[in-house]
Amino acid sequence: MEEIFISTFARSLAFGTILLWGALGAVLSERSGVVNLGMEGMMILGALAGFAVMQTSGNALLAIAAAALVGALAAGLHAFVSITLKANQFVSGLALTMLGLGLSGVLGKRFEGLPLFTQLENISVPGLSSIPILGKAVFTDQNPLTYAGILVGILLWVVLFKTRVGIQIRSIGENPAAADALGVNVVLTRYVCTMLGGALAGIGGAFLSVAYRPSWTEGMTGGLGWVAVSIAIFAAWNPLGAIGGALFFGGLYHLQFRLQESINPALLKMMPYLSVILALALGALRRKSRGTAPAALGLPYQRGQR
Amino acid sequence: MKIVLEPRPTPPISWLLMLSAASIFVALLVLGVVFLVAGLNPFSAYATLASRTLGDWDGWSRVIQRAIPLVLIGVGLVLAFRAQFFNIGAEGQLLVGAVAGSAVALFLPSLGFLTIPIMFLAGFIAGAIWGFIPAILKLKLEVNEVITTLMLNYVAATLIEYLITGPWKGQNQVGFSYTDDFPAAARLPLLGSSYIHIPTLLLGLILAVFVAVVLSRTRLGFRMRILGESIATARYVGINAVSTTLWVVMFSAGAAGLAGVGEVAGIHGKLLEPGQISLGYGYTAIIVAWLARGSPIAAIFTALFLGISFAAGDVMKVSLQLPANTTNIFNGTVLMLLIATEPLVKFRVKLEQVKLVKDAR
Numbered sequence: 001m002e003e004i005f006i007s008t009f010a011r012s013l014a015f016g017t018i019l020l021w022g023a024l025g026a027v028l029s030e031r032s033g034v035v036n037l038g039m040e041g042m043m044i045l046g047a048l049a050g051f052a053v054m055q056t057s058g059n060a061l062l063a064i065a066a067a068a069l070v071g072a073l074a075a076g077l078h079a080f081v082s083i084t085l086k087a088n089q090f091v092s093g094l095a096l097t098m099l100g101l102g103l104s105g106v107l108g109k110r111f112e113g114l115p116l117f118t119q120l121e122n123i124s125v126p127g128l129s130s131i132p133i134l135g136k137a138v139f140t141d142q143n144p145l146t147y148a149g150i151l152v153g154i155l156l157w158v159v160l161f162k163t164r165v166g167i168q169i170r171s172i173g174e175n176p177a178a179a180d181a182l183g184v185n186v187v188l189t190r191y192v193c194t195m196l197g198g199a200l201a202g203i204g205g206a207f208l209s210v211a212y213r214p215s216w217t218e219g220m221t222g223g224l225g226w227v228a229v230s231i232a233i234f235a236a237w238n239p240l241g242a243i244g245g246a247l248f249f250g251g252l253y254h255l256q257f258r259l260q261e262s263i264n265p266a267l268l269k270m271m272p273y274l275s276v277i278l279a280l281a282l283g284a285l286r287r288k289s290r291g292t293a294p295a296a297l298g299l300p301y302q303r304g305q306r
Numbered sequence: 001m002k003i004v005l006e007p008r009p010t011p012p013i014s015w016l017l018m019l020s021a022a023s024i025f026v027a028l029l030v031l032g033v034v035f036l037v038a039g040l041n042p043f044s045a046y047a048t049l050a051s052r053t054l055g056d057w058d059g060w061s062r063v064i065q066r067a068i069p070l071v072l073i074g075v076g077l078v079l080a081f082r083a084q085f086f087n088i089g090a091e092g093q094l095l096v097g098a099v100a101g102s103a104v105a106l107f108l109p110s111l112g113f114l115t116i117p118i119m120f121l122a123g124f125i126a127g128a129i130w131g132f133i134p135a136i137l138k139l140k141l142e143v144n145e146v147i148t149t150l151m152l153n154y155v156a157a158t159l160i161e162y163l164i165t166g167p168w169k170g171q172n173q174v175g176f177s178y179t180d181d182f183p184a185a186a187r188l189p190l191l192g193s194s195y196i197h198i199p200t201l202l203l204g205l206i207l208a209v210f211v212a213v214v215l216s217r218t219r220l221g222f223r224m225r226i227l228g229e230s231i232a233t234a235r236y237v238g239i240n241a242v243s244t245t246l247w248v249v250m251f252s253a254g255a256a257g258l259a260g261v262g263e264v265a266g267i268h269g270k271l272l273e274p275g276q277i278s279l280g281y282g283y284t285a286i287i288v289a290w291l292a293r294g295s296p297i298a299a300i301f302t303a304l305f306l307g308i309s310f311a312a313g314d315v316m317k318v319s320l321q322l323p324a325n326t327t328n329i330f331n332g333t334v335l336m337l338l339i340a341t342e343p344l345v346k347f348r349v350k351l352e353q354v355k356l357v358k359d360a361r
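Keeping their order, the protein sequence lines are chains S and X. If you're matching positions, the first sequence starts at 1 in my numbering and goes up one per residue. If you're matching positions, the second sequence starts at 1 in my numbering and goes up one per residue.
One chain only, chain X, in its complex shape:
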């Protein structure tokens, strides 16, 4: 018997789903072992997690609340990854988006019903600028984008710390490090008594559909698909790889900026500690994009799935007394398995009978 790898240009969707499901299942097993080591019964731990996240509307509303930034960032990352740009900086792009949105809410004279659209616009532009820096460094100087985008996350976080402890510190917030509350016109409408901020949710869904249409029906999408396959081919057919990638990355980073506006205007109503604005959405959205395997529409569903993981993280902290970092074990395992099983996507494994010549007497 011999193992043969046969290239497979278009793997069937059912096979992709199977691999993803298997990765998730194994990651759940790994986390189960961790529960056991931490002295918990894994079955009852999972039962608690399931009932607190998916058992009632209250749980579901928290899942959707967490999924909102993940959709926006995830769709953006689908685009960036397609252009072979490993944007690990969505966290920072989200944070500067939150800063720009807060600046509009706090310091511009009242704009009435235009306030919210202008906040989102400012957030988009700030995120795009934050994405421009690593993109231009990569395209012009070949500086690895993984490290620059990551460093910019820390720069954005410390920028917020500076603002909320320094120049933007609220007049009425004695002893706390955050800005004053946003005026009512800068608050997003919520769904019922939940924290689901409707405009951001709609933006995410619209963005996913928009990107899907652009990818499948326009010349830009065609260029991007070729660029994703091979930069050499793209150059050969006359596509400007530099400017296409630059626009794609800036759009992707801008989407993360929108998510930042949503978090501060929808949930907190002020600019506060970076760790409270984002619970690591920028990092988790990498898995959202990877699970979606290049499809913006699929990213809606994978965002919802990782929303469950986030909501479960909250439950772990409150009900199971585990650090919130625990979800990182699940996230890391899923991501590791997704790339480890990549060969199974690109190749078909075949067992070939090797004919043994029976002993020649």
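Just chain S, with the same shape it has in the complex:
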């Protein structure tokens, strides 16, 4: 029983890593007031960039860097259209997703079906992996990007809630005019948060193509980017909550493989999507009494305008 629990937890964490990086990217971007629905597009571009660099160079660090860069650049386009041109952020993100899916489809054609000669291997953390239960569930045989993702999540929480920069980012998301009056550079901060968020999403994509399922197939993110966006909302824009949310949805995906003998696989595939809707509805019910969404989320900022 304990064995099953631990292995389920560990596998959920592994799958959840894809979602975690994306969700953290969404949290960062949305805390500064910019909704980025282009998560799916940035993740698939990151997946292709990561795989392409890994395939040709065999260098995992280089591959991750490339994925982060591509994700950041794609987010930069979204930032330009939604921050500088003040266009509709929801539609811009959607357009970015279309672009990402289309571009990665064409550019990735030559990588379809190629093997990876070197992979980003799983490791166990010395010392920590011998802690009873927790050691096996979290610190044994996981990908470096899984550990890094959890660390980034904790770090992001510290930055957002315990530092001056974090207060500035959150105040821009709540009330950009007031932040501006206090001398915070609204436009620059939003650009940085959006592009860093894109970089995190790109890394999430690279984890998928370089480590979790080392291969490239067209459209391989299959809607995970949208689930990542939802986790950010569901977690009330809290990075620590995003870690929990990613673990939960990772678990739902993992159950698909566990239960497909006894339940129709299509119904299992439906579960995560239904859960997103349910989670958003429940989260909204809870939020009605607390009010945690950044108040200026999705609104362009124009100095001197209310």
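Hints are not guaranteed to be accurate.
Below, simulated PhoX-like cross-link-like pairs (lysine-lysine); rule was C-alpha separation at most 25 Å, straight line [unchecked claim]:
| hint | chain 1 | residue 1 | chain 2 | residue 2 |
| --- | --- | --- | --- | --- |
| 1 | X | Lys169 | S | Lys269 |
| 2 | X | Lys317 | S | Lys109 |
| 3 | X | Lys346 | S | Lys86 |
| 4 | X | Lys350 | S | Lys86 |
Reference listing, derived: stretches of chain S covered by chain X, where coverage requires no fewer than 3 residues with Cβ under 8 Å from a Cβ of chain X [unchecked claim]:
| hint | region |
| --- | --- |
| 5 | 44 to 56 |
| 6 | 80 to 87 |
FYI, nobody ran anything at the bench for these hints, they're computed from the structure. On a predicted model such as this, the values are computed, not experimentally measured, just so you know. Note that the Cβ used here is the ideal one computed from N, Cα and C, for glycine as well.
Once you have looked at the hints, place chain X on chain S.
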């Protein structure tokens, strides 16, 4: 010199057309560069695409076939966007419409000539219910509709996968995942040897005219126009924003459901893989609606235009060995440019001479 933005309440139509044309042109350039990167000569690639889609009746018939669902969904989305509801879920609404239509065709006793009207009715209702869920979540709980409508697309797709591999799997379809064939009474009449299903085409055209009339001549249309301008104003003049939006979204989603019935009853004659029923019509129709800039009649023409894009996608796959996803590059670029140039619609850009005081000696 100084750049000044001057608000412009009613931009001239010629200017709107110019901006749309420019967006499309730039997107074609971007796609041309992609062709080049993929190792194709962009000029000959475009020549192939043009001749295979617009060169003969065969090509045109495929364009119209693709435009049929786009008209229905596009007109619905024009309405939803006017009510400031970003319905990204037309894909799922189309799919559940297809499910409901198939249920009538496969499981109800023979209804004769009433079969087809009842299939369309069932499809409309199923789509409307699928639209009701995100609408009520948005209106009552402020849950973002973009994500819920999108998630419901996946739910609808997996629902069909479940049905065709499980309870509805055809008795005579050994090894394939689809239902049995519809009876003849549940098949739509086609135009000649093409796949243009006439009743759905007519429904789309009628719907566009109907919505145009409602918008310009009725109280409901008046309410919706105010609602589209400002929710605060609408509340102030006593319009019930919640119920108006709810009805509009359900109507919009129902129209997508009609498109789903058209696809299964007109083209396939059975319920099959979701990816084969819809090639992403629900997503592309967003561009149809955006290009139409709020006019249901214009949506007929923008649907036809994006029908070309779909037909071109087929040609790309078959003749140019490019993934069908390639059209997404064109679609994404057009959509991005359309919203990026929105300030040019709302404002007039003027260069103002700033008088420099010549050096005061």
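Hints, verified against the model:
Between the alpha carbons of Lys169(X) and Lys269(S) the distance comes to roughly 18 Å, so the proposed pair stays at or under 25 Å and holds. Distance hint between Lys317(X) and Lys109(S) is fulfilled; the C-alpha atoms sit about 12 Å from each other, no more than 25 Å. Straight-line distance between C-alpha atoms of Lys346(X) and Lys86(S) comes to about 12 Å, which keeps the hinted pair within the 25 Å bound. Distance hint between Lys350(X) and Lys86(S) is fulfilled; the C-alpha atoms sit about 19 Å from each other, no more than 25 Å.
Given as covered by chain X, the region 44 to 56 of chain S fails the check, having 0 residues with a CB less than 8 Å from a CB of that chain where 3 are the minimum. Check on the region 80 to 87 of chain S: 4 of its residues sit with their Cβ under 8 Å from a Cβ of chain X, so the three-residue criterion for coverage holds.
In summary, the structure is inconsistent with hint 5 from the numbered list given earlier, while agreeing with all the others.
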